[in-house]
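Chains as they are written, first to last, in the numbering used here: chain A, 567 to 856; chain B, 25 to 306; chain C, 16 to 134.
Hints may be right or wrong, so weigh each one.
As the list claims (entries may be wrong) - Cut-off 20 Å, straight-line C-alpha distance, at most; resulting in silico cross-link-like pairs (DMTMM-like, lysine to aspartate or glutamate):
1) C:101 x C:115
2) C:17 x C:124
3) A:656 x A:626
4) C:25 x A:632
5) B:306 x B:231
6) A:656 x A:688
7) B:96 x A:802
8) C:111 x C:124
9) A:642 x A:680
10) B:70 x B:118
11) C:111 x C:126
12) B:293 x B:151
13) B:138 x B:163
14) A:730 x C:115
15) B:177 x B:144
16) C:25 x A:593
17) C:25 x A:688
18) A:642 x B:82
19) B:138 x B:151
20) A:856 x A:626
21) A:645 x B:151
22) A:645 x B:204
23) A:771 x B:231
24) A:778 x A:802
25) C:25 x C:115
26) B:177 x A:647
27) A:725 x C:115
28) B:78 x B:183
29) B:306 x B:257
30) A:645 x B:118
31) B:223 x A:626
32) A:771 x A:721
Hints were generated in silico from the structure; no laboratory data involved.
Here is what each chain is made of, one letter per residue.
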Amino acid sequence: MKEIVVISGKGGTGKTSITGCFAALAENAILADCDVDAADLHMLLAPEIISRTDFISGHEAVIREDDCTGCGICRKNCKFDAIDLTSEGKCRVNPFSCEGCMVCVEVCPEKAIDFPPNLCGEWYFSHTRFGPMVHARLGIAQENSGKLVSTVRREAAAKAEELKKDLLIVDGPPGIGCPVIASITGASLLVVVTEPTISGKHDMKRVLQLAKHFSVPALVIVNKWDINPEMTAEIEKESLLGGAHPIGRIPYDRAFTVAQINGRTLVEETTGAVVENIITIWEKVCRKLK
Amino acid sequence: MRIAVASGKGGTGKTTVAVAIAMAATEPVMYADCDVEEPNGSIFLKPEVYEIKKVLVDVPVIDEEKCTSCGKCARFCQFNALVSLGTPPLVFPELCHSCGGCAIVCPADAISWKGNSIGEISLGKADGGRVSVVQGKLDVGGVLAPPVIRQVKSHIPHDGLSVIDCPPGTSCPVIESIGEADYVLLVTEPTPFGLHDLKLAVETVRELGMPFAVVINRFDEGDLGVEDYCGEENILIMVKIPHRRAMAETYSRGGTLLDGIPEMREIFKDIPRIIERGIEEK
Amino acid sequence: MKIAVPTSGKTLESQVDNRFGRASGFVVFNTEDGTFVYADNSQNLNAAQGAGTQASQNVAGTGAGVVIAPSYGPNAFRVLNSVGIKTFISAPGTVKENIDNYIAGNLSETDAANVEGHW
């Protein structure tokens with residue numbers, strides 16, 4: 567099985583819209599949404615959820631108020647200011663601030679603090695009109711480490727094997743931090759979707775450094791290229807220097823927004839030059855995979 | 025007045041809005057860039073930096089003379105930052121959350137602390153000195169954004185106007201960034217993606233009990249889903265920014281919203297006062 | 016000598032997992048008698064961070080002297096190195112193919128972490 571990961575560096579470049587097109591054009595593929603912070607691919611693919619699984623990471627402290635004497639030793643030792651005093655003089659953990667270090671559990675003289683596993687989200691296995699899909703949702707205020715990304719990729723790969731799929735298409739996370747690294751290690755091919763802006767160029771360079779570091783071949787697409795043709799040319803030059811082939815330019819086109827509003831991928835929404843262009847880009851991606 | 029500018033997803037124009045508020049104001053203002061993984065307010069504000077400071081966090085140092093290799097510290101550490109294989113523990117500073125637990129459980133008093141650098145803070149002045157800029161930047165490969173954000177926040181004055189550029193999303197660095205602000209502006213796009221991510225952001229600020237309003241960027245480019253949602257949920261739409269190709273081009277070159285769409289200046293100048301009045305009324 | 020290989024299956028015919036720290040387990044092969052055991056690593060699938068250091072401790076606990084994996088993060092490498100476990104780079108394929116290749120001297124040893132930490 568081959569695995570394509572679509573990433574962007576900065577957000578808002580059209581990564582998910584393009585991933586949606588790839589999903590529609592691919593044959594015998596499985597899809598994964600690893601953009602767990604802003605998981606939007608499901609809005610184009612309308613997955614029907616087959617199974618849900620809790621996503622658990624680390625622990626959180628919970629004070630049993632009945633057993634708490636309000637001595638404040640936990641508050642004094644908490645380095646994250648995560649313990650508040652209630653109006654009844656009891657201690658209470660603020661789950662938004664708690665990092666799950668267990669220090670309060672250790673120092674509480676009454677042993678009044680529980681330390682249950684921390685439920686931080688859910689992941690799903692679903693059916694879509696373009697094939698099976700694995701996706702996830704992270705709870706509010708949870709640390710977005712690479713872990714949920716790793717889980718989604720691993721489960722998608724396992725399903726791919728089980729269902730005899732040849733290709734896994736991953737909508738990757740934005741940024742250049744841990745979640746991105748977790749999404750690209752061991753992939754067959756990276757497709758970087760960028761835009762011709764200063765931050766678009768900056769982030770593409772950093773993403774390509776990561777690709778090089780992990781020896782994953784990369785291709786670059788410049789979306790909305792006509793907003794700044796000179797910057798587009800610069801980005802394409804930079805991408806070559808960074809070891810990645812620029813394989814296409816996509817002009818600014820409101821059709822992407824219209825397709826999104828209609829809950830469809832662009833290639834389902836319309837026809838003509840803009841779609842031909844995407845198909846050509848997809849064919850280049852497939853050739854590179856072989 | 026501390027205004028946090030946040031968004032459910034990246035690329036909606038969060039930095040554009042934060043910079044426009046700072047640049048449209050006529051009084052002194054503090055611009056705090058808490059998007060420490062990709063701080064790019066400076067691309068637009070172009071501050072003169074006068075000081076750069078390292079962000080240090082405490083990590084354990086093992087006194088091997090005193091250490092009995094009991095392994096209690098490594099078993100206690102929830103972050104796997106200490107590893108003991110029947111030896112004095114190996115310390116992995118970049119995994120350490122500085123909770124202090126290892127020193128508490130160590131029976132031999134063998135653990136002390138030293139500062140470990142995880143990022144930097146830069147201080148600068150923009151717009152002829154009127155705009156103070158504090159920017160946090162996480163080291164490449166660094167994973168602990170909150171301590172860097174806390175350092176940025178320590179430079180935000182209690183009085184006067186401050187604009188806080190938050191990281192995108194709803195995960196814990198965002199909560200760290202918007203905590204203690206007086207008001208939150210959520211920037212979104214009028215698309216299904218924008219609406220979906222806005223709903224998560226609204227859920228987050230409501231959970232935190234913070235007053236907030238929405239800014240719709242490129243409002244004439246999509247559908248009415250975001251406006252309908254704000255109407256149903258009784259959420260104030262602070263400002264709607266039109267889509268202009270000229271703006272996209274200006275932005276791509278590092279120009280601000282006020283350069284691209286000059287008539288927005290008056291509107292952005294009024295935002296802090298509108299917010300102030302709104303808070304007073306409540 | 017014992018050789019540990021990360022895998023998502025539990026047999027010699029299973030594929031080598033492409034991650035070391037977050038592999039679901041290790042097949043530990045004993046070259047002296049040709050037997051193998053499976054060492055579970057699944058608690059690390061859910062480790063918030065530090066999976067590499069924890070997996071390395073699990074491997075050390077099996078008594079393995081050699082690990083064959085596609086890549087090693089700096090933390091995993093440091094732990095393995097501190098207890099003298101040798102680290103070899105696997106090729107795509109099954110656990111058995113990699114062990115055979117190792118015995119035949121076809122795999123190369125790495126003396127440094129070959130990927131950045133990523134958790």
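Here's how the hints hold up against the structure:
{"no.": "1", "hint": "C:101 x C:115", "verdict": "holds (16 Å)"}
{"no.": "2", "hint": "C:17 x C:124", "verdict": "holds (16 Å)"}
{"no.": "3", "hint": "A:656 x A:626", "verdict": "holds (18 Å)"}
{"no.": "4", "hint": "C:25 x A:632", "verdict": "violated (47 Å)"}
{"no.": "5", "hint": "B:306 x B:231", "verdict": "holds (18 Å)"}
{"no.": "6", "hint": "A:656 x A:688", "verdict": "violated (32 Å)"}
{"no.": "7", "hint": "B:96 x A:802", "verdict": "violated (54 Å)"}
{"no.": "8", "hint": "C:111 x C:124", "verdict": "holds (18 Å)"}
{"no.": "9", "hint": "A:642 x A:680", "verdict": "holds (18 Å)"}
{"no.": "10", "hint": "B:70 x B:118", "verdict": "violated (31 Å)"}
{"no.": "11", "hint": "C:111 x C:126", "verdict": "violated (23 Å)"}
{"no.": "12", "hint": "B:293 x B:151", "verdict": "holds (15 Å)"}
{"no.": "13", "hint": "B:138 x B:163", "verdict": "holds (18 Å)"}
{"no.": "14", "hint": "A:730 x C:115", "verdict": "violated (27 Å)"}
{"no.": "15", "hint": "B:177 x B:144", "verdict": "holds (13 Å)"}
{"no.": "16", "hint": "C:25 x A:593", "verdict": "violated (31 Å)"}
{"no.": "17", "hint": "C:25 x A:688", "verdict": "violated (27 Å)"}
{"no.": "18", "hint": "A:642 x B:82", "verdict": "holds (17 Å)"}
{"no.": "19", "hint": "B:138 x B:151", "verdict": "violated (38 Å)"}
{"no.": "20", "hint": "A:856 x A:626", "verdict": "violated (47 Å)"}
{"no.": "21", "hint": "A:645 x B:151", "verdict": "violated (38 Å)"}
{"no.": "22", "hint": "A:645 x B:204", "verdict": "holds (18 Å)"}
{"no.": "23", "hint": "A:771 x B:231", "verdict": "violated (37 Å)"}
{"no.": "24", "hint": "A:778 x A:802", "verdict": "holds (16 Å)"}
{"no.": "25", "hint": "C:25 x C:115", "verdict": "holds (17 Å)"}
{"no.": "26", "hint": "B:177 x A:647", "verdict": "holds (15 Å)"}
{"no.": "27", "hint": "A:725 x C:115", "verdict": "violated (29 Å)"}
{"no.": "28", "hint": "B:78 x B:183", "verdict": "violated (26 Å)"}
{"no.": "29", "hint": "B:306 x B:257", "verdict": "holds (18 Å)"}
{"no.": "30", "hint": "A:645 x B:118", "verdict": "holds (17 Å)"}
{"no.": "31", "hint": "B:223 x A:626", "verdict": "violated (26 Å)"}
{"no.": "32", "hint": "A:771 x A:721", "verdict": "violated (30 Å)"}
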